[in-house]
Amino acid sequence: MKRLVLVLTLLVSSVFADDINLWKKSTLNQILQKGEMRVCMEPGYMPFEMKDKKGRIIGYDVDMAKRMTKEMGVKLKLLPTSWDGIIAALVTNKCDIIMSGMTITQQRNLKVNFADPYVVVGQTILVKKELAGKIKTAKDLDKPEFTVVTKLGVTGEVATRKFFKKAKIITFETEADGAAEVLNGKADAFVYDQPYNILFMSDKGKGKLVHLDKPLTYEPLGWAIRKGDPDFLNWLNNFLRQVKGDKVIDFHEKLNKKWLQDTAWLKRVQ
Amino acid sequence: MIKKILLAFLLIVSTNVFADDINLWKKSTLNKILQKGELTVALEPGYLPFEMKDKKGRIIGYDVDIAKAMAKAMGVKLKIEETAFDGIIAGLLTNKYDIIISGMTITQQRNLKVNFSDSYIVVGQTVLLNNKLKNEIKKTKDLDNPKYTVTAVLGQTGEIAARKFFKKAKVITFETESEAVSEVLNGRASAFVNDQPYNTVFMDSKGKGKLTHLDKPLTYEPLAFAIRKGDPDFLNWLNNFLRQIREDKVVNLQERLYKKWFVDTKWLRKVQ
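Here the protein sequences line up with chains C and W, keeping their order. Just so we're aligned, residue 3 is where the first sequence starts under this note's numbering, counting upward by one. Just so we're aligned, residue 25 is where the second sequence starts under this note's numbering, counting upward by one.
Hints listed in this document are in silico derivations from the structure and should not be mistaken for laboratory results. Values in this document were obtained by computation on a predicted structure and should not be read as measured data. C-beta atoms are modelled at their ideal positions from N, C-alpha and C, and glycine is treated no differently. Among the hints, a few may not be true.
Below 25 angstroms or equal to it, Euclidean Cα-Cα: the simulated SDA-like pairs (lysine to any residue) are [as the list claims (entries may be wrong)]:
no. : chain 1 : residue 1 : chain 2 : residue 2
1   : W       : Lys51     : C       : Thr94
2   : W       : Lys50     : C       : Lys164
3   : W       : Lys60     : C       : Gln109
4   : C       : Lys164    : W       : Gln278
Covered by chain W, per the in silico footprint, the following chain C stretches (three or more residues, Cβ under 8 angstroms) [as the list claims (entries may be wrong)]:
no. : region
5   : 109-117
6   : 209-221
7   : 231-239
I would like the entire structure built from these sequences, with the hints used as guidance.
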């Protein structure tokens, strides 16, 4: 009889709405139980994650991860992971989340889920100073007399080839070589990631180049988590709304200023 | 017996080792679409300019272009299932297709049965006015007077909106859009209430120079993709896809589609 009652109670417990197993298996729940959140990132994408002179990982994403774990009340563990294996590492449970300046793309989104974008970057243009009066938008540059340079095989090249049908396009192995070509006057403009261009303008490009800073592309960066975990996604999106919307603490604005506008941190890495 | 218990125990433990609910993703429609290599979309041709048949019987429209872009982004083939609107939700629930992309308005009643993505376009009811009245009628409120007659299509959102907004004016309903709007064209009625996309297209053809479009919508009707409940992974993909086609000005898909189907009216020649 007691057994029957027990069985019945067990049956009744499944009457509860919602899938309690979903929450039990949620990465968020497991983070709380372990008391630790493991974050995959590849240090090497400035200013989101990079190593300082002492070999410590610093950057926009690191500060965000610290804030996140503070809110959860758990410890933070950063796992440096090479970019080409980073999604595989997440899917096979080597870490709990990817926070590594990752662009939300529809292809990646077939394998992982993304939280809302925490920052949007895009491709912008650095132009020779002599052309500043003539060139106001990307369109003005698309003429056969102009040469546009960019880095081979990255979003910069894709955007350049889409936007410039008439101008001459030359690609380089590194962004430094591409930008140098404009600095020494052999090319007219350089197309690359906005954060890099901002840094370049505060440094070598100052007084020599002009930054057309309206992005050509839309590249929303988002945190990636495993599929099948709506509870973690709910927490992340509410956390994000709070850090963006709360102007008293003003965390998001401070982070943008510290890493994307100011360049004081450059001295720590060079 | 012990072995069986052990086995059962192992099964429970091993499924629990994986973080997240792996079954949720396994059962996700998105996962099944990828495995089949095909996205099956339900729509009812007949809602201009979202889905309709051209002279050769091919289904074209705003939603068809969106569905093509969606399938391309997934890397799968696209299959269009022509489905009558009154059975379109039942068909989704019984697994006849993966998604509804058919100019469907998000309503709280439908949302009790299916989930909706974010809206991909917002439409509303607008008013076409006989030109003779354009000086005395500047806004919808001015029309609500017993001396005016307003027409709408029976049983559609237009009729609901007309009866809500015009308590004093006379409201007359017709079976079809073309009958209702003709009343205004030939001067027997003052104004016609209908979907904004229809009214925009009408103003570019028969209404030009004869009617005035009060184009501030009376209603808020967000259109969205409908999917089955219990599938958060598919929803996450759809909403990220929508954000990208809205914000990415390189590909500029959403604006191009808006221009192609709502601003230009070249496609009208393909269907008439």
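Hint-by-hint comparison with the structure:
1. Lys51(W) - Thr94(C): holds, 19 angstroms
2. Lys50(W) - Lys164(C): Roughly 37 angstroms between the alpha carbons, so the hint for Lys50(W) and Lys164(C) is violated.
3. Lys60(W) - Gln109(C): Satisfied, since the Cα-Cα distance of roughly 16 angstroms is no more than 25 angstroms.
4. Lys164(C) - Gln278(W): holds, 17 angstroms
5. 109-117: holds (count 5)
6. 209-221: holds (count 3)
7. 231-239: Result for this restraint: holds, n = 4.
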